[in-house]
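There are 2 protein chains.
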Amino acid sequence: MRSRFQQGLDVLKERLLEMGGMAEAAIELASECYRKRDGQLAQQVFEREKMINDSERHIDELAVDLLAMQQPMATDLRFVLAVLKINSDLERVGDLGVNIAQRSLDLIQEPEVDVPVDIARMTTAVSTMVRRALESFLSGNADVAHAVLQMDSIVDRMKDEAFVNLVTKMKDNSENVRPYLDVLLITRYLERIADHATNIAEDVIFWVSGADVRHNAMRLSEEFDPDAPRSR
Amino acid sequence: MRSRFQQGLDVLKERLLEMGGMAEAAIELASECYRKRDGQLAQQVFEREKMINDSERHIDELAVDLLAMQQPMATDLRFVLAVLKINSDLERVGDLGVNIAQRSLDLIQEPEVDVPVDIARMTTAVSTMVRRALESFLSGNADVAHAVLQMDSIVDRMKDEAFVNLVTKMKDNSENVRPYLDVLLITRYLERIADHATNIAEDVIFWVSGADVRHNAMRLSEEFDPDAPRSR
Numbered sequence: 000m001r002s003r004f005q006q007g008l009d010v011l012k013e014r015l016l017e018m019g020g021m022a023e024a025a026i027e028l029a030s031e032c033y034r035k036r037d038g039q040l041a042q043q044v045f046e047r048e049k050m051i052n053d054s055e056r057h058i059d060e061l062a063v064d065l066l067a068m069q070q071p072m073a074t075d076l077r078f079v080l081a082v083l084k085i086n087s088d089l090e091r092v093g094d095l096g097v098n099i100a101q102r103s104l105d106l107i108q109e110p111e112v113d114v115p116v117d118i119a120r121m122t123t124a125v126s127t128m129v130r131r132a133l134e135s136f137l138s139g140n141a142d143v144a145h146a147v148l149q150m151d152s153i154v155d156r157m158k159d160e161a162f163v164n165l166v167t168k169m170k171d172n173s174e175n176v177r178p179y180l181d182v183l184l185i186t187r188y189l190e191r192i193a194d195h196a197t198n199i200a201e202d203v204i205f206w207v208s209g210a211d212v213r214h215n216a217m218r219l220s221e222e223f224d225p226d227a228p229r230s231r
Numbered sequence: 000m001r002s003r004f005q006q007g008l009d010v011l012k013e014r015l016l017e018m019g020g021m022a023e024a025a026i027e028l029a030s031e032c033y034r035k036r037d038g039q040l041a042q043q044v045f046e047r048e049k050m051i052n053d054s055e056r057h058i059d060e061l062a063v064d065l066l067a068m069q070q071p072m073a074t075d076l077r078f079v080l081a082v083l084k085i086n087s088d089l090e091r092v093g094d095l096g097v098n099i100a101q102r103s104l105d106l107i108q109e110p111e112v113d114v115p116v117d118i119a120r121m122t123t124a125v126s127t128m129v130r131r132a133l134e135s136f137l138s139g140n141a142d143v144a145h146a147v148l149q150m151d152s153i154v155d156r157m158k159d160e161a162f163v164n165l166v167t168k169m170k171d172n173s174e175n176v177r178p179y180l181d182v183l184l185i186t187r188y189l190e191r192i193a194d195h196a197t198n199i200a201e202d203v204i205f206w207v208s209g210a211d212v213r214h215n216a217m218r219l220s221e222e223f224d225p226d227a228p229r230s231r
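Here the protein sequences come in this chain order: A and B.
Heads up: the first sequence is residues 0 to 231, going by numbering that gives the first Met the number 0.
Heads up: the second sequence is residues 0 to 231, going by numbering that gives the first Met the number 0.
In short, the hints are calculated from the structure, not lab data.
For every residue, glycine included, the Cβ atom is placed at its ideal position computed from N, Cα and C.
Keep in mind that a hint or two might mislead.
Which residues of chain A face chain B? A few of them, derived with a C-beta cut under 10 angstroms, are [to be verified]:
no.	residue
1	Leu-16
2	Asp-59
3	Pro-71
4	Ala-73
5	Leu-76
6	Leu-80
7	Leu-83
8	Ser-87
9	Arg-131
10	Val-166
11	Lys-170
12	Arg-177
13	Leu-180
14	Leu-184
15	Arg-187
Restricting the straight-line Cα-Cα distance to at most 30 angstroms, the calculated cross-link-like pairs of lysine-lysine (DSS-like) are [what the hints assert, rightly or not]:
no.	chain 1	residue 1	chain 2	residue 2
16	B	Lys-158	A	Lys-35
17	A	Lys-158	B	Lys-35
18	B	Lys-12	A	Lys-158
19	A	Lys-49	B	Lys-158
20	A	Lys-158	A	Lys-49
21	A	Lys-170	B	Lys-49
Hey, can you work out the whole structure from these sequences and the hints?
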């Protein structure tokens, strides 16, 4: 039989995955709001974000209670701390969904322009990153988490390409600066969601292997060795 | 005599304040880089960010070690968890300093334009928020933390005003879309630093009072009472 503490960990994991589902839904709805120019969908994103915020508070409390309840083993401790960080990342994903929906509402007020950016493709890439990051968390699979890190540079490139193309459009169609600017901001929000997926993947790797992959760090044991080789 | 655990908490606090100082320095240097159009200063921001990243890893490890070492009392537990969150916020402030420096480097390549935004004033407001947030952490003073929350809406307003003024400039001077866009992005980065200062202030309030002020939540005791009145 699993201990009360272990059961608590199970509940924590379950709640976090539910929250992940809500965050994914917020991205999808926001993207659909943009694509269909449908303001009703923005409202749904705003409601989803409130649910995500409630969920964040609830998960934080569960985690703190678990830590206070008894002294977890090293791996469990890292797991709970990873949950706290992932929780905070997912909450920001919800906020960014709201930002995308707000820009989409702004776009609905503006004349429809020819957009030189494949927002749908970028959204798919970003959603996939979030889903994979959560899968890696569910399975404790560091390989999946590493694959998420790889995808981040693809999204970064999409964002940079979008920037160049949108600046050109703005120069050539100065009457439509505002809608192009909205689209540009949407690409930045998507890229920030990708960053949060990256953070989640890094936290999974930290939890699973005890290694810190942030900032391309080597394993912690090497951190304070000035002669140790560093990647990049 | 203070216990080994208490001494650990002291060291943790000290390290976090040092990191806060580095983050503040990164904002100031980035802002100076923008103002003086001096690319050398951008390099200093990049170096500072590397130090901040190292510091983040170090503080995370100290905090995890403390939690693993012994079972902290409820207040100490909340303190260590607050440190972990603040640590992550300060690291992001360093990243945003880099973003500002990068946009400033881009601006140096472009013709100098008449900027309809008081970046210096906005930077001062944002730096003050970060400093006050850290002061509230140092003193455990929730009143100072609440004052930081008030300031956030001022910075938000500055950002919104900047958006409107910059869109107008872009429409009227389409040949200078790019520098205006750089300035617009800088105002977004500054606003995000203000958001991180707000997060820090919220974490201090959480640590000091055990109350969760995120998302304008009521005290936790009321969280699960559906009939309890909610602010906003």
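These are the hints, each one checked on the structure:
no.: 1; hint: Leu-16; result: violated (21 angstroms)
no.: 2; hint: Asp-59; result: holds (8 angstroms)
no.: 3; hint: Pro-71; result: holds (8 angstroms)
no.: 4; hint: Ala-73; result: holds (6 angstroms)
no.: 5; hint: Leu-76; result: holds (6 angstroms)
no.: 6; hint: Leu-80; result: holds (7 angstroms)
no.: 7; hint: Leu-83; result: holds (7 angstroms)
no.: 8; hint: Ser-87; result: holds (7 angstroms)
no.: 9; hint: Arg-131; result: violated (22 angstroms)
no.: 10; hint: Val-166; result: holds (5 angstroms)
no.: 11; hint: Lys-170; result: holds (5 angstroms)
no.: 12; hint: Arg-177; result: holds (5 angstroms)
no.: 13; hint: Leu-180; result: holds (6 angstroms)
no.: 14; hint: Leu-184; result: holds (8 angstroms)
no.: 15; hint: Arg-187; result: holds (8 angstroms)
no.: 16; hint: Lys-158(B) to Lys-35(A); result: holds (28 angstroms)
no.: 17; hint: Lys-158(A) to Lys-35(B); result: holds (28 angstroms)
no.: 18; hint: Lys-12(B) to Lys-158(A); result: violated (38 angstroms)
no.: 19; hint: Lys-49(A) to Lys-158(B); result: holds (24 angstroms)
no.: 20; hint: Lys-158(A) to Lys-49(A); result: holds (28 angstroms)
no.: 21; hint: Lys-170(A) to Lys-49(B); result: violated (36 angstroms)
Hints 1, 9, 18, 21, counting from the list given before, are not met by this structure.
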